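Undergrad: Sequence:
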Amino acid sequence: MTGGSMSGARTAGPEPGREPGAGPLGGVRVVELAGIGPGPFAAMLLADLGADVVRVDRPGGAGLGIDPARDVTNRNKRSVIVDLKAADGPARVLDLAERADVLIEGYRPGVAERLGVGPGDCHARNPRLVYGRMTGWGQDGPLADRAGHDIGYIALTGTLGMIGAPDEPPAVPANLVGDYAGGSLYLVVGVLAALHHARAGGAGQVVDAAIVDGAAHLSSMIHGMLAAGAWQDRRGTNLLDGGCPFYGTYATADGRHMAVGALEPRFYAEFMDLLGIPERAPARDDPARWSELREAIAARFATRTRDEWTAVFAVSDACVAPVLSLREAPHHPHLAARGTFTDHGGITQPAPAPRFSATPTAVRTGPALPGADAEAVARDWGLPRSPDPVPTLAPNPQ
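Under the working numbering, the sequence shown has 247 at position 247, and the numbering climbs by one with no breaks.
No lab work stands behind these hints: they were computed from the structure. It should be emphasised that the depicted structure is a prediction, and the values quoted were computed from it without experimental measurement. Just so it is clear, CB atoms sit at the ideal spot from N, CA and C, and this is done for glycine as well. It is possible that part of the hints are untrue.
Restraint-style ranges between C-beta atoms, simulated for each label pair [unchecked claim]:
#1 A193 with G120: 19 to 25 angstroms
#2 G27 with V312: 32 to 38 angstroms
#3 A228 with A193: 45 to 51 angstroms
#4 A259 with I151: 22 to 28 angstroms
#5 D286 with A147: 44 to 50 angstroms
#6 A174 with R338: 21 to 27 angstroms
#7 P142 with G27: 38 to 44 angstroms
#8 D273 with D67: 48 to 54 angstroms
#9 D285 with I151: 33 to 39 angstroms
When you get a sec, could you build the whole thing from the sequences and use the hints?
TA: Right, here's the structure in full:
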């Protein structure tokens, strides 16, 4: 692994005149009103793709207690500090919004309006602005004003209820399914679609990205299977939810695990052969024998360590992989060869994704420290000077 993304080494390089690693969104200006969770991640993705993201931090920080120098969701960004409760605070944000293409905020519905930086205020200054709103429940509905977190959002959509063993409580998938898949990624898709519309001659608009909407949308295929009778509305009883013995995880002799995804018949046949129990293969086609098959597979995996089984399946099409930890993953030969992870500023982290042939991306800068970029942003964005002795758009006093 090397500093910055390794994607540039495998592409034709950036277009002439473009900064290396600038990405396809070079020239796009984004204002991020600081928050936690899916909003910062969405802004990081836009920054990874080359947008000039200015994070508007509040005095005192966001309150999560993470060292700002290690918060990789703030990489490739710049930061200013604005006190939105100060007399001139809203005007400072509106000055940024006037010069931006996109603004992202993650407040509860109505908060941005009360602070004077809602869509109406911003569009009065910049009609072409794309105003992205990131919430859990959405801008309307009975729960819109309620507090919440990832686990509650995916619980109501049915997504959480699909995950885990049938005789155990649903398994919590960190905050990946709600905050980031159902939230951040849908916000980014919406923002980019609205930006395309605005640049094609349309007006700016508001993008209402709700985690409940995105998490529900992620289950579209499952709902189709449910309607077709190919999915049971019970956890751990289906082809893709761990109910199938040849699509799941198994413990090894050293207490680690292997993941099996041998769905297709020819992959399954190779899996059973390499596992060493080909005589059990016919049980695949009889769901009544799946518990018997699962026990046989589990007993066989328990005879060797994870690394030993990894070696057995290393050059096969059996669709078997070791379950790695977060610290192990960057060292896997395939991920290392692709540069899926990168080291920047002493922090190992996922490299920007996806990859582009003409406009490769990179980790250009480490996490933006609160307020550190006020002077550069004011210069680059042509912001008016503050008449106050201590301007609210200023470096962090700490």
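Undergrad: Tell me if the beta carbons of A174 and R338 are separated by a distance inside 21 to 27 angstroms.
TA: 23 angstroms, holds
Undergrad: So does A259 sit 22 to 28 angstroms from I151, Cβ to Cβ?
TA: 24 angstroms, holds
Undergrad: Using the Cβ atoms, figure out if A228 sits within 45 to 51 angstroms of A193.
TA: 30 angstroms, violated
Undergrad: Do the Cβ positions of D286 and A147 conform to the proposed distance bound of 44 to 50 angstroms?
TA: Since the Cβ atoms of D286 and A147 sit about 48 angstroms apart, the hinted range of 44 to 50 angstroms holds.
Undergrad: Please test the hint of 38 to 44 angstroms on the beta carbon pair from P142 and G27.
TA: Hint holds: Cβ distance 41 angstroms, inside 38 to 44 angstroms.
Undergrad: Note whether the CB distance of G27 and V312 lies within 32 to 38 angstroms or breaks it.
TA: 51 angstroms, violated
Undergrad: State, for the Cβ atoms of D285 and I151, whether the hinted interval 33 to 39 angstroms holds or is violated.
TA: 37 angstroms, holds
Undergrad: Using the Cβ atoms, figure out if D273 sits within 48 to 54 angstroms of D67.
TA: 50 angstroms, holds
Undergrad: Range hint 19 to 25 angstroms: satisfied by the CB atoms of A193 and G120?
TA: Taking Cβ atoms as reference, A193 and G120 lie about 22 angstroms apart, which means the hint holds.
Taken one by one, the earlier hints fail for this structure at numbers 2, 3, listed in ascending order.
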